[in-house]
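Participant: What follows is the residue order along each chain.
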Amino acid sequence: MEILIYLTQQFINGIQLGAVYALIALGYTMVYGVLRMINFAHGDIFMLGAFISYYGITKFNLPFPILILSTSLLTAVIAILIEKIAYKPLRNAPKISLLITAVGVSLFLEYTLSLNAFFTPNYIGFPRPFEIRSYDIGMFSINNIHLIIFSVTIISLALLYLLIYKSKYGIAMRAASHDLEITRLMGIRTDNIISFTFGIGGALAGIGGLLYSMAYPQINVFMGIMPGIKSFIAAVLGGIGIIHGAVLGGFIIGISEVFVSAFLSSTYRDGVIFIILFIFLLFRPNGIFGKNIEKV
Amino acid sequence: MRFFLELRKLIFLALFIYLIIKLVIFSGLPTDYMIQITLYSFIIVLSSLGLNVIYGFTGQFSLGHAAFYGIGAYTSAYLSKVLEIESYYGLIPVIFLAGIFTAFIAYIIGGPILRLKDDFLAIATLGFGILVRVILDNSDRISEVLGGSRGFVGINKITNLELSFFITVFFIIITKNLIDSRFGLFWRAIKNDELAASSIGVNTFIAKLIAFIYGCFLAGIAGGLYAHLYTFLHPSNFDILKSIDFLIIVIIGGMGSISGTIIAGLFWVFFIEGLRIILPSEILEYRWVLIPIILILIMMIRPYGLMVKKEGY
Numbered sequence: 000m001e002i003l004i005y006l007t008q009q010f011i012n013g014i015q016l017g018a019v020y021a022l023i024a025l026g027y028t029m030v031y032g033v034l035r036m037i038n039f040a041h042g043d044i045f046m047l048g049a050f051i052s053y054y055g056i057t058k059f060n061l062p063f064p065i066l067i068l069s070t071s072l073l074t075a076v077i078a079i080l081i082e083k084i085a086y087k088p089l090r091n092a093p094k095i096s097l098l099i100t101a102v103g104v105s106l107f108l109e110y111t112l113s114l115n116a117f118f119t120p121n122y123i124g125f126p127r128p129f130e131i132r133s134y135d136i137g138m139f140s141i142n143n144i145h146l147i148i149f150s151v152t153i154i155s156l157a158l159l160y161l162l163i164y165k166s167k168y169g170i171a172m173r174a175a176s177h178d179l180e181i182t183r184l185m186g187i188r189t190d191n192i193i194s195f196t197f198g199i200g201g202a203l204a205g206i207g208g209l210l211y212s213m214a215y216p217q218i219n220v221f222m223g224i225m226p227g228i229k230s231f232i233a234a235v236l237g238g239i240g241i242i243h244g245a246v247l248g249g250f251i252i253g254i255s256e257v258f259v260s261a262f263l264s265s266t267y268r269d270g271v272i273f274i275i276l277f278i279f280l281l282f283r284p285n286g287i288f289g290k291n292i293e294k295v
Numbered sequence: 000m001r002f003f004l005e006l007r008k009l010i011f012l013a014l015f016i017y018l019i020i021k022l023v024i025f026s027g028l029p030t031d032y033m034i035q036i037t038l039y040s041f042i043i044v045l046s047s048l049g050l051n052v053i054y055g056f057t058g059q060f061s062l063g064h065a066a067f068y069g070i071g072a073y074t075s076a077y078l079s080k081v082l083e084i085e086s087y088y089g090l091i092p093v094i095f096l097a098g099i100f101t102a103f104i105a106y107i108i109g110g111p112i113l114r115l116k117d118d119f120l121a122i123a124t125l126g127f128g129i130l131v132r133v134i135l136d137n138s139d140r141i142s143e144v145l146g147g148s149r150g151f152v153g154i155n156k157i158t159n160l161e162l163s164f165f166i167t168v169f170f171i172i173i174t175k176n177l178i179d180s181r182f183g184l185f186w187r188a189i190k191n192d193e194l195a196a197s198s199i200g201v202n203t204f205i206a207k208l209i210a211f212i213y214g215c216f217l218a219g220i221a222g223g224l225y226a227h228l229y230t231f232l233h234p235s236n237f238d239i240l241k242s243i244d245f246l247i248i249v250i251i252g253g254m255g256s257i258s259g260t261i262i263a264g265l266f267w268v269f270f271i272e273g274l275r276i277i278l279p280s281e282i283l284e285y286r287w288v289l290i291p292i293i294l295i296l297i298m299m300i301r302p303y304g305l306m307v308k309k310e311g312y
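Just so you know, the sequences run in chain order A and B. Residue 265 in numbering that gives the first Met the number 0 sits at position 266 of the first sequence, with consecutive numbering throughout. Residue 144 in numbering that gives the first Met the number 0 sits at position 145 of the second sequence, with consecutive numbering throughout.
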């Protein structure tokens with residue numbers, strides 16, 4: 000019985016982490032769907048989300064709903080700017096050049112912000128906008144941070160669903176992910192669609208950054224690297240380019256990471272995630288939901 | 000005949016450069032730190048040359064090169080510690096064994112991951128790099144000597160100018176000849192068009208695997224030299240950022256250019272380590288702001304590297 004309660008508790012923690020990974024993975028998967036590129040700088044958008052909300056709380060004392068809106072808006076603008084400045088000139092360049100540029104953007108953001116003039120490379124404590132309050136439900140306990148993370152994630156996913164499957168922009172985006180050239184021939188401004196995709200991804204990553212630093216209240220300019228890579232793995236796991244795949248992949252990665260830390264050792268958790276990635280790349284490179292995408 | 004003439008020219012050039020460096024060191028002007036980074040720059044050139052074979056000549060993008068460099072460093076350090084080697088006659092076989100072991104690891108993981116392409120290969124190699132980092136962090140559970148996350152301490156300082164310089168020159172010549180051989184032709188064919196190469200009967204998988212193994216072998220050798228130069232190893236010396244260092248050297252030097260890699264490697268070490276002698280640390284922080292910008296600009300203006308005009312050899 001003891002172990003069952005412990006398992007449930009860890010499962011709740013895993014879903015909490017998985018929700019953040021799912022939010023980041025959506026940005027990777029949408030950008031990959033449209034441009035066929037791995038946006039390496041996406042993890043840094045996540046980091047910027049954490050820092051922007053840090054300033055939102057400490058400097059401006061924003062109420063939580065406005066904090067979420069402003070963080071996501073700003074990160075969306077930053078993601079669009081990065082796309083316009085760094086990626087757009089390389090639209091017809093080889094894939095690897097785009098990847099290297101993305102690595103460059105990521106390094107630039109990290110090291111520029113780690114200068115002493117900006118945020119410095121040190122860890123900063125993140126002030127939670129709420130007091131932690133635990134609720135005992137039956138045998139296990141759940142706190143309000145969990146509940147906020149779950150509800151914000153569910154609301155964001157619902158909005159994203161409406162945007163992608165009901166709105167005109169969403170239809171154009173899905174068309175672009177099938178074939179960018181043909182979409183352009185159909186008279187759709189694909190450049191706008193690409194910017195829109197980056198914007199949505201950036202907004203979701205920004206929200207992810209805010210939620211993550213509420214759950215693990217320490218922020219640092221290099222905090223985006225590992226969650227970024229793991230979320231990309233989540234996107235690969237669910238089938239890259241597939242929206243609901245990224246969400247499922249995020250939860251799988253989050254839950255397995257928490258379980259490895261709980262039952263083996265937290266030093267092994269990164270290693271286990273990459274072993275999962277290797278197994279998937281070798282035996283099911285198209286991911287869980289992937290069907291007819293061009294094979295790796 | 001022409002081959003031997005060219006070879007002789009290269010060897011004479013190398014001897015000439017060696018004599019100059021030896022004279023400068025003998026004059027007593029350079030400090031120990033300057034000598035150390037000079038040796039270090041040869042090691043970096045050797046390892047980057049390995050990445051250039053994998054990425055520059057064969058077109059297989061790897062973000063895990065530092066992991067192989069680290070495997071070579073840890074293996075050779077472990078061997079020399081266990082066998083209690085103190086002279087450089089003993090070190091040469093140890094470094095060679097470390098290189099072979101690195102090549103063996105590359106063979107095991109290269110088999111499955113070289114079936115992937117472009118960005119997926121990048122992510123898989125990146126994942127391998129992080130996996131190696133995790134293993135090195137926990138290596139004290141395998142053997143107390145390896146030190147785990149505390150770092151591997153107390154390696155004998157054996158690497159000297161002769162060892163690092165001549166091993167590097169030796170492998171530069173070997174690599175140059177390999178590139179000119181049938182295998183080099185296969186590699187360049189695969190880089191230009193893998194499908195076309197396989198349609199004219201090149202076994203692309205084997206050729207890619209050989210390039211990968213050879214490149215990682217060079218990284219392992221370089222790692223062995225590094226371990227016995229700095230006498231201290233830490234898992235964080237071999238993480239993603241180190242792999243990106245090698246990548247930047249290959250890109251600045253130009254994909255598929257041996258001389259470019261040599262120049263870029265020397266320049267890089269001077270830029271990262273050498274400027275410490277001249278500039279104060281407040282300005283040095285800005286290096287890492289500048290480097291990504293340079294990288295992005297190179298990708299926009301010259302996507303195949305700074306020192307080659309066109310793709311190819």
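Rather than coming from a laboratory, the hints here were simulated on the basis of the structure. A virtual CB, placed ideally from N, CA and C, is assigned to each residue, including glycine. A few of these clues could be false.
[What the hints assert, rightly or not] Label-pair restraints from in silico Cβ distances:
{"no.": "1", "chain 1": "A", "residue 1": "LEU263", "chain 2": "B", "residue 2": "LEU9", "range": "48 to 54 Å"}
{"no.": "2", "chain 1": "B", "residue 1": "GLY89", "chain 2": "A", "residue 2": "GLU1", "range": "52 to 58 Å"}
{"no.": "3", "chain 1": "A", "residue 1": "PRO88", "chain 2": "B", "residue 2": "LEU283", "range": "27 to 33 Å"}
Participant: Does each hint hold? Answer for all of them.
Facilitator: Results of checking the hints against the structure:
{"no.": "1", "hint": "LEU263/A <-> LEU9/B: 48 to 54 Å", "verdict": "holds (52 Å)"}
{"no.": "2", "hint": "GLY89/B <-> GLU1/A: 52 to 58 Å", "verdict": "holds (56 Å)"}
{"no.": "3", "hint": "PRO88/A <-> LEU283/B: 27 to 33 Å", "verdict": "holds (30 Å)"}
The structure fails none of the hints (numbered hints given earlier).
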